[in-house]
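Residue numbers (this note's numbering), protein chains in the order written: chain A, 196 to 363; chain B, 196 to 363; chain C, 196 to 363; chain D, 196 to 363.
Treat each hint with caution, since some may be false.
If chains are identical, the list can't say which one is meant, so a pair holds when it fits in one copy or spans any two.
[What the hints assert, rightly or not] As a list, the in silico DSSO-like pairs of lysine-lysine whose alpha-carbon atoms are at most 30 Å apart:
| id | residue 1 | residue 2 |
| --- | --- | --- |
| 1 | LYS210 | LYS359 |
| 2 | LYS210 | LYS242 |
| 3 | LYS272 | LYS242 |
| 4 | LYS272 | LYS359 |
| 5 | LYS242 | LYS359 |
| 6 | LYS272 | LYS205 |
Don't read these hints as lab results, they were simulated from the structure.
4 protein chains.
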Amino acid sequence: MKLAVIYDSKSGNTKKAAEWIAEGMNEVEGAQAAAFSVEEVDAEFVKDSCGVVIGCPSYAALMTPNMRNWLFSEAGKLGMAGKLGGAFATEQYSHGGGELIIQSILTNEMVFGMLCYSGGGSFGHPVIHLGPVGINDNVEKYNGMENYRENFRIYGYRFASKAKELFG
Amino acid sequence: MKLAVIYDSKSGNTKKAAEWIAEGMNEVEGAQAAAFSVEEVDAEFVKDSCGVVIGCPSYAALMTPNMRNWLFSEAGKLGMAGKLGGAFATEQYSHGGGELIIQSILTNEMVFGMLCYSGGGSFGHPVIHLGPVGINDNVEKYNGMENYRENFRIYGYRFASKAKELFG
Amino acid sequence: MKLAVIYDSKSGNTKKAAEWIAEGMNEVEGAQAAAFSVEEVDAEFVKDSCGVVIGCPSYAALMTPNMRNWLFSEAGKLGMAGKLGGAFATEQYSHGGGELIIQSILTNEMVFGMLCYSGGGSFGHPVIHLGPVGINDNVEKYNGMENYRENFRIYGYRFASKAKELFG
Amino acid sequence: MKLAVIYDSKSGNTKKAAEWIAEGMNEVEGAQAAAFSVEEVDAEFVKDSCGVVIGCPSYAALMTPNMRNWLFSEAGKLGMAGKLGGAFATEQYSHGGGELIIQSILTNEMVFGMLCYSGGGSFGHPVIHLGPVGINDNVEKYNGMENYRENFRIYGYRFASKAKELFG
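Just chain A, same shape as in the assembly:
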């Protein structure tokens, strides 16, 4: 069972988050998960995947132009309809727009005909609403993105578990 995580990342923070999600996915028996930058997506791998999670940083509370362009020009060629769909984001502040980006990505996934899923509160804590959000700030004081590592991993695990249940 293949699962893809696709991200846009400049500083490396969102790449890390994508890899943590893939890590969590790979803990599910039978899962073969990989993370790809929007600039180097393995189209065959994504087409073969039964689930795809897409994420990017918040730029002024919107998705990055890079991600917008990729969703418009490339994502539609990857047979997204019917796949399980997820989304995540990174931001620089608690009010930085991450959830707005997740909502936009999920919206596009629904237009592709995907099944959008986060697990929500059905697994108990942490309750992951629409998808995990990592906050980059306060690295010295609050450990930055590392603070959210576990959320990303758990989200990946839950997502892959549902994919296995549905399509495995």
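Knowing the structure of chain A, use the given hints to seat chains B, C and D on it.
Positioned in the frame of chain A, the structure of chains B, C and D alone reads:
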């Protein structure tokens, strides 16, 4: 295979839309769909359903207080996690907020752990983005809600087809 | 008092909507309104404007890549902070995503430090929620975009009236 | 110049945030700011105010039923049109839905005909996108809401400064 449509309706427009969705669902062989007002939900029927579609009118671009209260107090008792989830809305103008209400309902469905699905563009025309929206205005000139009847029916049919494929 | 309307348009529908807004603005005494394609924005005119309205068509329920790129690369250079901000959209269906695009544009405008305004229900009918939405479909049967002309014009008039009250 | 902050709060976290905003507002010369629970709003004070900020906690990524009911039944009687409008939220996780609640509140404020404003990036750091969000978690490790105190205060100060510039 049971499927539930749950709506809030005052004037009867949103009730109609809910019934049109249920009509479309019932065209799928094996489907047993029913529409319920938030005030008279058959809890056992919903618990037994593998898919639930929720809709309401736009009041000032937000969901109705009635629907908000029901989602908070009642919906969580109905075993929503893992079910297929959908949403629809009615509005009085093209700019009346219907899609914002759909987005809010889907958000809550994801927090319940549902699989959100509209079919999107995967069935060709009409491309139904997040869920169908009916506009009540211009009854004399433009036929009001009747104008959207076919969209609601098709959405119901597509939703039930996916539910059957996944859980039937 | 200068006012700018900035749009992205391929087929010409959104251009029309932008011009109708500018028309309505110009009905306010003292207003000098002009509409610009994102590809030919008169930067000096926009900088001198006390209000800017931005709009684009819905592509799969998201703003166009063109508009996303312009907001990211160019809009920030135009001294947007403190100006009155508005947004509009066009879509192909009642459920086509127009309001989601408006919400995204307004979000970015708030990050620029603009004052977002639609007039809402304060002027009576038509109650324009976040901004006007034109639906392109059913040209033969329902007159397509022309059907929404009056909404765009009225919105422009209301927007310019508020701009005059605040800054005129 | 009167300014009102209106909140819904159960545990007291959102009340604190509201008071911090009012504190920041009161640092602007001539400002007279007060925070009210939705259950004890001083209607005359709000009617006399030139700016109103509204906030509540995220319940399953939606606004509280209490706040929804108040916005529907009471807020419309307070002469909101033309006032400066702001919004804030509290949540339990970085992905807890705070920004979605802020977006919903701002949407309703625009339907009331308010001028929505956050200051955004126009004041430099902290860039406050749509409004401040406080995260309640990790009280022992990360200081919980106290961690966001400064953001709320600064937001209040910026909001009141703009209100003074426009209406003072």
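Measure nothing new, just compare the shortest in-copy and cross-copy C-alpha distances for LYS210 and LYS242 to 30 Å and report within, between, both or neither.
within (21 Å within a copy, 37 Å between copies)
Regarding LYS272 and LYS205, is the shortest C-alpha distance of 30 Å or less found within a copy, between copies, in both, or in neither?
Classified as both: same-chain Cα gap 24 Å, cross-chain 22 Å, threshold 30 Å.
Within a copy, between copies, both or neither: which one fits LYS242 and LYS359 at a CA-CA cutoff of 30 Å?
Both. Shortest intra-copy (17 Å) and inter-copy (23 Å) distances satisfy the 30 Å Cα cut-off.
Classify it for me, LYS272 with LYS242: is the Cα-Cα distance of at most 30 Å met within a copy, between copies, both or neither?
within (9 Å within a copy, 37 Å between copies)
Checking an output row: LYS272 and LYS359, CA cutoff 30 Å. Within, between, both or neither?
both (24 Å within a copy, 26 Å between copies)
Homomeric proximity label, LYS210 with LYS359: Cα distance no greater than 30 Å
within (24 Å within a copy, 37 Å between copies)
Of the numbered hints given earlier, the model fails none.
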